[in-house]
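Q: Okay, here's what each chain looks like letter by letter:
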Amino acid sequence: MLNYFPEEVLEHVFDFVTSHRDRNAVSLVCKSWYSVERFSREKVFIGNCYAVNPERVIARFPRVRSLTLKGKPHFADFNLVPPDWGGYVYPWIEAMAKHGINLEELRLKRMVVSDESLELLAKSFPNFKSLVLVSCEGFTTDGLAAIASNCRFLRELDLQENEVDDRKGQWLSCFPDSCTSLISLNFACLKGEVNAAALERLVARCPNLRSLRLNHAVPLDTLQKILTQAPQLNDLGTGSFVHDPDSETCGKLKNAMKKCKSIRSLSGFLDVNARCLPAVYPICTNLTSLNLSYAPGIYSNDLIKLICHCKKLERLWVCFFIKLIHYTYFFSGVPLSNQGLNWIMQILDTIGDKGLGAVASTCKELQELRVFPSDLYGVGNAGVTEEGLVAISAGCPKLNSILYFCQQMTNAALITVAKNCPNFIRFRLCTLNPTIPDAVTNLPLDEGFGAIVQSCKGLKRLSVSGLLTDQVFLYIGMYAEQLEMLSIAFAGDSDKGMLYVLNGCKKLKKLEIRDSPFGNVALLADVGKYETMRSLWMSSCEVTFGACKTLAEKMPRLNVEIINEGEEIEASPDDRHRVEKMYLYRTLVGPRRDAPDFVWTL
Amino acid sequence: MVECEKLGFEATELRLGLPGGGEKSNANYGKRGYAETVDLKLNLSSKEICLDQSDLDEKNLNKEKNLMPNCATDSVKPPAKARVVGWPPVRSFRKNVMAVQKKSESEEAEKGTGGAAFVKVSMDGAPYLRKVDLKMYKTYQELSDALGKMFSSFTIGKCDSQGMMDFMNESKLMDLLNGSDYVPTYEDKDGDWMLVGDVPWEMFVESCKRLRIMKGTEAKGLG
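Each protein sequence line maps, in turn, to chains W and Y. The first sequence maps to residues 1 to 602 in full-length UniProt numbering. The second sequence maps to residues 1 to 223 in full-length UniProt numbering.
Keep in mind the hints are simulated off the structure, nothing from the lab. Ideal placement from N, C-alpha and C gives every residue a C-beta, glycine not left out. A portion of the hints provided could be inaccurate.
Said to hold, decoys possible - Here are a few chain W residues that sit away from chain Y, every Cβ distance over 10 Å (derived from the structure):
1. R23
2. V29
3. E55
4. N79
5. L80
6. N102
7. S135
8. N195
9. R205
10. N234
11. A274
12. R275
13. Y281
14. P373
15. P434
Stated by the list, open to error - Distance condition first, Cα-Cα at most 30 Å in a straight line; then the derived BS3-like pairs of lysine-lysine:
16. K506(W) x K457(W)
17. K191(W) x K209(Y)
18. K149(Y) x K354(W)
19. K189(Y) x K311(W)
20. K254(W) x K135(Y)
21. K252(W) x K312(W)
22. K131(Y) x K120(Y)
23. K149(Y) x K135(Y)
24. K109(W) x K225(W)
25. K305(W) x K189(Y)
26. K254(W) x K189(Y)
27. K109(W) x K354(W)
28. K95(Y) x K510(W)
29. K209(Y) x K252(W)
30. K509(W) x K460(W)
31. K354(W) x K43(W)
32. K138(Y) x K305(W)
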């Protein structure tokens, strides 16, 4: 009967179907639904830019207005992928310009974006409204200037954690006086200065501005002036938060904050004088999101004081940075004994856990928590332990997403957490020593993670760490039915581990493995599996060239890329040689043509 | 079953019937320990070792050799912070930002070489205050001696390494505070009153705004 509905009706119904997964499902029902759907889809999501090419996307979705693209594999975030690997956005912008696509929105993650791309983007799409760049690189403030100058209806410029070269060209001043449409402006990741007066004028003429995140070069007095002009803000990222706390400026700032009754999200504090923090207390009561993870200047006690005001918090990112830098000398100028050091470390650990205890008792609405490592390379090994995590799980029953870097963990703690919080969708645990066993029993952490996957039936993303045997993967394969992404490092004993996962996790989309003893048997056991997944990354494992070649031969719709760094550029390497880095992904368009010399697609 | 008793978590134990009747291996859990992996990397390819962030205190690496991460076993000794590429998995952007911030923090802490650092010193019961330039001294002992001369009945307590252990032993600290000895305290940059001696000397000079020598009986609330 549905075939008798005119297409307009179908289209109207499909308007209510927004998620790309649902749209994909709709398009598989029958030919006419496929046809109606493809002409009406405006937002296209491409999880791997090399799975398809721009021409095919444009051919299928000619009315696309919003494009989301992801480029490099996730482990590129941690320096495991060499520069120049790929992920260029230029061909996409070029193709869309050529085909007259009415592009309004571009969202990129882990892609290489050149100034040329940004200039082409700015000049080719008169209705362009929204640019979101996350973890991208390759552009400078000149590219931003092109966007600011040319995109007359720009609503959103959101730059998150990108590596941007500063060309000192006053890009922000390039927004013309006629630009009044900005809703969201985030330049927190930029290193250079912007003209304060230009910034203040820009904010003053954009009455719809809701989200503003400044970089560390914007001083506190500018912030104060901006807030006075924009009390309607929902989301604020402060720049530098350093000033004489007794000054008139800080007083004015506090008053301006009091008038900002809509701020629900707060971040920044890239430089901070903790004594200025009370200025933000007026907005804390209504905050739902707080990101202090770039604020090492807020020491634990001040952090606790701040958090105690934030009872409605749903999302919290912190790092417990320790104030004291040099711990070797104490009191008398005599170097500390080990015993003395241990005593101090215990106190610091408690500070971290105490902070989390404060969160647990205050933030009952908390859903997402990220605790970043406090001290990556320094003297102290302080941070948080399993106690903090247990406290959070007990105090925050709505918790569903966690990223937790910690000194140590125990199975007992994980089992308790699993019982307290069965609603985890994302669970990422990272022990600073990647193979540390249970801190109390000295056993592997298999049982702890097993409890997590067994209890959290909706778990979609999992990262494991600590000492782990094949057993944990057996549990994951058995219980993690909804798991879509799994990250493994320094874990497992044999191919069995990887096999348990590949056989058990039916919804697995992304699997990334490093430094684990999984080899050819696991890789080749079920080659068809990889077409049901977006990608597989394996580095420093036991997989050989021969096996990768076999896999590539059997599966023409996979790109099996070997990343060779250094001296191994032989014409035909021995099949028995171990492969250092392998990245494979399903694709409709065969080997990519922009791969550099050190990447071989088999 | 042996495994379960070892763990002691009978109530929460996950019971799984493994196909093929496999059992949990009693294998040496240190099989692919972090230490071994890092050694492997050191042998195979020195490029794997991350050589960035060199400004972050080479000296600290040596100090860390005495510092073991909290590991329940003594037999697995992690190497002295040999850096494995990409661990801990923190985005380079974040790592770089933290490194810069940490650097400027330590620069600021060391910066206090220029100028004097005069602070007021009050002593309970004394009729007037004094001023000292903290930059004139290099250790707590020196300061103690100088203050002792200023306020002749003043004592800071033992300052040698045994005294340090005393301070770390809570009951001994209570003895000291309960006695009629005076206890030195100071107001730090945050406005908090702190017990003198907890932090390294340089940090103390940096953060001390004024000194107050309290009667031992009043100082019980601190520390």
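Q: Now tell me if each hint is right for this structure.
A: We went through each hint and held it up to the structure:
no.	hint	result
1	R23	31 Å, holds
2	V29	38 Å, holds
3	E55	33 Å, holds
4	N79	5 Å, violated
5	L80	5 Å, violated
6	N102	33 Å, holds
7	S135	7 Å, violated
8	N195	23 Å, holds
9	R205	31 Å, holds
10	N234	24 Å, holds
11	A274	7 Å, violated
12	R275	7 Å, violated
13	Y281	16 Å, holds
14	P373	6 Å, violated
15	P434	6 Å, violated
16	K506(W) x K457(W)	14 Å, holds
17	K191(W) x K209(Y)	34 Å, violated
18	K149(Y) x K354(W)	42 Å, violated
19	K189(Y) x K311(W)	28 Å, holds
20	K254(W) x K135(Y)	36 Å, violated
21	K252(W) x K312(W)	26 Å, holds
22	K131(Y) x K120(Y)	4 Å, holds
23	K149(Y) x K135(Y)	17 Å, holds
24	K109(W) x K225(W)	33 Å, violated
25	K305(W) x K189(Y)	17 Å, holds
26	K254(W) x K189(Y)	21 Å, holds
27	K109(W) x K354(W)	35 Å, violated
28	K95(Y) x K510(W)	25 Å, holds
29	K209(Y) x K252(W)	26 Å, holds
30	K509(W) x K460(W)	10 Å, holds
31	K354(W) x K43(W)	45 Å, violated
32	K138(Y) x K305(W)	34 Å, violated
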